[in-house]
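Throw the hints in and build the complete structure from the sequences for me.
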Amino acid sequence: GLYNGVFECIENITADNLICNNTQHAGYFKTWTGQQIGNHPNRGGGVARPAIGNSSQFQIQDLNVIDMIGTLLKDPIGLFERSAVGPCTNTAVNAINLHLANGTAATGWLCDNLRGDTGFNCT
Numbered sequence: 052g053l054y055n056g057v058f059e060c061i062e063n064i065t066a067d068n069l070i071c072n073n074t075q076h077a078g079y080f081k082t083w084t085g086q087q088i089g090n091h092p093n094r095g096g097g098v099a100r101p102a103i104g105n106s107s108q109f110q111i112q113d114l115n116v117i118d119m120i121g122t123l124l125k126d127p128i129g130l131f132e133r134s135a136v137g138p139c140t141n142t143a144v145n146a147i148n149l150h151l152a153n154g155t156a157a158t159g160w161l162c163d164n165l166r167g168d169t170g171f172n173c174t
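The sequence shown runs 52 to 174 under our numbering.
A portion of the hints provided could be inaccurate.
Label pairs and their computed distance ranges (CB to CB) [claimed, not checked]:
| no. | residue 1 | residue 2 | range |
| --- | --- | --- | --- |
| 1 | Ala135 | Ile70 | 28 to 36 Å |
| 2 | Asp113 | Asn153 | 32 to 40 Å |
| 3 | Asp113 | Asp163 | 16 to 24 Å |
| 4 | Leu161 | Ile70 | 19 to 27 Å |
| 5 | Thr140 | Asn73 | 28 to 36 Å |
| 6 | Ala152 | Asp113 | 28 to 36 Å |
| 7 | Gln108 | Gly154 | 40 to 48 Å |
Pairs of lysine to any residue, SDA-like flavour, derived with a Cα cap of 20 Å [stated by the list, open to error]:
| no. | residue 1 | residue 2 |
| --- | --- | --- |
| 8 | Lys125 | His76 |
| 9 | Lys125 | Thr174 |
| 10 | Lys125 | Leu69 |
| 11 | Lys125 | Gly78 |
| 12 | Lys125 | Cys173 |
| 13 | Lys125 | Ala157 |
| 14 | Lys125 | Ala152 |
FYI, nobody ran anything at the bench for these hints, they're computed from the structure. Idealized CB from N, CA, C, for every residue including glycine.
The structure is reproduced here in C-alpha cells:
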C-alpha cells in the first residue's frame, strides 16, 4: 500500500456505460510499487507505468471490462502491467468499440505479468 506495514483493500467496484472522449487510456488503475523511496513510496508521484518491477504484492483479480465506446488519443487501448509477485489474474475484455480521432479502430494492449486473460491479445 501507500504506507509501510499498512494493509489496504479495494473491492466490489463497478463501472457502467463507459464512454471515452479523446482520452489517453481507456482505463487507469494506480497502484504502488511496494518500494519505499523518501516519505511515501515513489514520493507519492504518478509514474507513467505504475507497479512494475518485482516487489509489489498487490493483485488485481477478476477484472471484467465490457461495453466500452469512444475515442482515444493514440494506441494502445490499454496497459496491464504488474509485478511478477502480484500478477493480474482472470482479466476479461469484451465489446470494446474504441477508435482514434482519425476514425481508425484503436488497437493493442501492452501487458506484463497477466494470468488467465481473455478477449484481447497482449502485444
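Earlier hints that do not hold, by number: none
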